[in-house]
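Protein chains: 2
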Amino acid sequence: MEFDKNEQGLYEFIELLFFAYRDFTAGPDDELKAFGFGRAHHRVLHFVARNPGLMVAELLDILRVSKQSLNRVLKQLIAEEFVYQEQGEGDRRRRHLFLTAKGQKLADRLGEIQMQQIASSLSDFGPEAYQNICNGLLSLIADDDQAEVLARFGDARRRDVETDDE
Amino acid sequence: MEFDKNEQGLYEFIELLFFAYRDFTAGPDDELKAFGFGRAHHRVLHFVARNPGLMVAELLDILRVSKQSLNRVLKQLIAEEFVYQEQGEGDRRRRHLFLTAKGQKLADRLGEIQMQQIASSLSDFGPEAYQNICNGLLSLIADDDQAEVLARFGDARRRDVETDDE
DNA sequence: AAACAATGTCAACATTGTTGACGTATTTTT
DNA sequence: AAAAATACGTCAACAATGTTGACATTGTTT
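In order, the protein sequence lines correspond to chains A and B. Last residue of the first sequence: 166 (my numbering), numbering continuous. Last residue of the second sequence: 166 (my numbering), numbering continuous.
You may find that some hints are simply not true.
Same chains, same label: a pair holds when it works inside one copy or across any pair of copies.
To be verified - Here are the simulated BS3-like pairs of lysine-lysine, each with C-alpha atoms no more than 25 Å apart in a straight line: (1) K5 / K75; (2) K105 / K5; (3) K67 / K33.
Calculated directly from the structure, the hints in this document are not laboratory data. Note that the coordinates shown come from a computational prediction; the quantities given were computed from them, not determined experimentally.
Produce the complete structure using the sequences and hints provided.
Following this line, the structure appears as structure tokens:
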């Protein structure tokens, strides 16, 4: 299949993104049903897992939903002890979010499902092709947000290095 | 930025897909508000525009929603004359879907918004990189569905060629 | 005639999004 | 110290979009 950058080809690109997203979210959605959770809960679990100590305001900026919408799922996750909060040390208005052991376990499980799917999907691609795919997705992100996303990636990597050193 | 295929890198891939989808759907969503429509209406407009004469059952298979959920938005689109139906000639139970002039105009407008976004996002990529990106998205689609998607692409291309010949 | 298929429709409900208003700590500014 | 701003939580109402179950209509197949 040749993908061209004419009008026809760009319409196909739109559909590829739709179908990829549709199929990519299907696995975790199923798993979450058993817990009475949905995709909104998954997002919180994912970003808290990847950014321990994340503040509510930061999460709001990532998800781009109203605080009331976030609070509804966050409240459930805290009540059922998948997530806990710690008061900020410098500024005690802030609530830093962390996963409990139970939350970490679920986040890991959901990650595993998606990882397997990506890994098997992308196994045929060499490193250069993989870079192309990632850079392609990155460039689809609004210009203003790209730096933000990369900054969080950088932080997560630094945090991992520090953790490895401990 | 180097994207690796380790666990860290695959988590980043998940996020890239999330952010790309989030920002990519934002533009049309805004435009649709003026018509009192949402993303669900957009999907119908898109797939009917790309596959004139599409049957309801096919649309259900593409969107993977219940017929009741589809019918709610389809009914509105028909009532407000963005979409019309034609009874099947061979099998008169079937309803083939088409866009009216008004529907086509809106579909074109939404397409234009997304096309500009893709075109400017992907303009830096050469043909090989673009093939990688498309093939990457394609491989994320469930195996069972890939053939189906490609078949529809093929049909649309053939239909375009026929149309050009007329 | 009976069964099946394609579509439409009614009703009830769940999830996840929205806006608006208000409350409570806590920190910053004046 | 008082006032303003910030970070977060909460209540309520509502909208969009998804679900399931039941049933009707029409047309086709057996």
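Self-check item: Violated constraints from the hint list, given by number and in increasing order
Solution: Violated hint (a single one): 1; every other hint is consistent with the structure.
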